[in-house]
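A.B. asks: Here the protein sequences line up with chains A and B, keeping their order.
First residue of the first sequence? That's 0 in our numbering, and the numbers climb one at a time after it.
First residue of the second sequence? That's 2 in our numbering, and the numbers climb one at a time after it.
Hints listed in this document are in silico derivations from the structure and should not be mistaken for laboratory results.
There could be a bad hint or two in this list.
Unchecked claim - Now the stretches of chain B that chain A is said to cover, found in silico as 3 or more residues with beta-carbon under 8 Å:
# : stretch
1 : 38–51
2 : 100–108
Claimed, not checked - Covered stretches of chain A (in silico footprint by chain B; criterion: 3 or more residues with CB under 8 Å from a CB of chain B, positions within the stretch not fixed):
# : stretch
3 : 15–24
4 : 101–111
Think of the CB as a built atom: it goes at the ideal place given N, C-alpha and C, for glycine as much as any other residue.
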Amino acid sequence: DTAVSQTPKYLVTQMGNDKSIKCEQNLGHDTMYWYKQDSKKFLKIMFSYNNKELIINETVPNRFSPKSPDKAHLNLHINSLELGDSAVYFCASNRMGGNTEAFFGQGTRLTVV
Amino acid sequence: DAKTTQPPSMDCAEGRAANLPCNHSTISGNEYVYWYRQIHSQGPQYIIHGLKNNETNEMASLIITEDRKSSTLILPHATLRDTAVYYCIVFSSGSARQLTFGSGTQLTVLP
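This is chain A alone, in the form it adopts within the complex (with noise of 0.2 Å):
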């Protein structure tokens, strides 16, 4: 079993529209990160959530929506794509107040053209 996912795996859109990327996990875990990775290979958080409530924002534009339904479930809202977005955007996720690890979803490449 997959602890955390992520679809699409591959994402190819036009610049101007609007996309979601899924992420689930079946850990338990009750916080939730999004991370971006540019082309320079830097990972950087963009948001996290824990118990469904955004804890940090990493002045991340307003163009970017998480969303959290549950504990189990973060989704990534994007809208008015544009090429700079292009970038593998991670998905992860652990228990806040003990110090265990982070688990990360296999990622999804994000291409705007």
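Put chain B on the given structure of chain A with help from the hints.
C.D. replies: Just chain B now, with coordinates in the frame of chain A:
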């Protein structure tokens, strides 16, 4: 969260031990040292973590200096599949916990 410094790249012969250093001189008392790796195009994978004692698991060993200002990740018998970017991260459990990744060390295991 404290920052870390790692060499940008290292090579290791297959079957030999790979020793990856990390400096974290500004680490605070409640911050743990975590190691993750990212194999090309995959999501980061947890390896090991520790506070002040040395730790060992099925993947690696973590040696933390007594002053906690640096640590070394040891892969005892490196294989080609260990070629990856290795990230050393320090942080503490808290209300706004996050993993902040630096640039890491690209480890290349050579046949």
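A.B. asks: It remains to establish, for every hint, whether it holds in the given structure.
C.D. replies: Comparing the hints with the structure gives:
1. Counting residues of the stretch 38–51 of chain B whose beta carbon lies closer than 8 Å to any beta carbon of chain A gives 8, which meets the minimum of three for the stated coverage.
2. With 4 residues having a beta carbon nearer than 8 Å to a beta carbon of chain A, the stretch 100–108 of chain B meets the requirement of three or more and the stated coverage holds.
3. Counting residues of the stretch 15–24 of chain A whose beta carbon lies closer than 8 Å to any beta carbon of chain B gives 0, which falls below the threshold of three, so the coverage claim is violated.
4. For the stretch 101–111 of chain A, the stated coverage by chain B holds: 6 residues have a C-beta nearer than 8 Å to a C-beta of that chain, and at least 3 were required.
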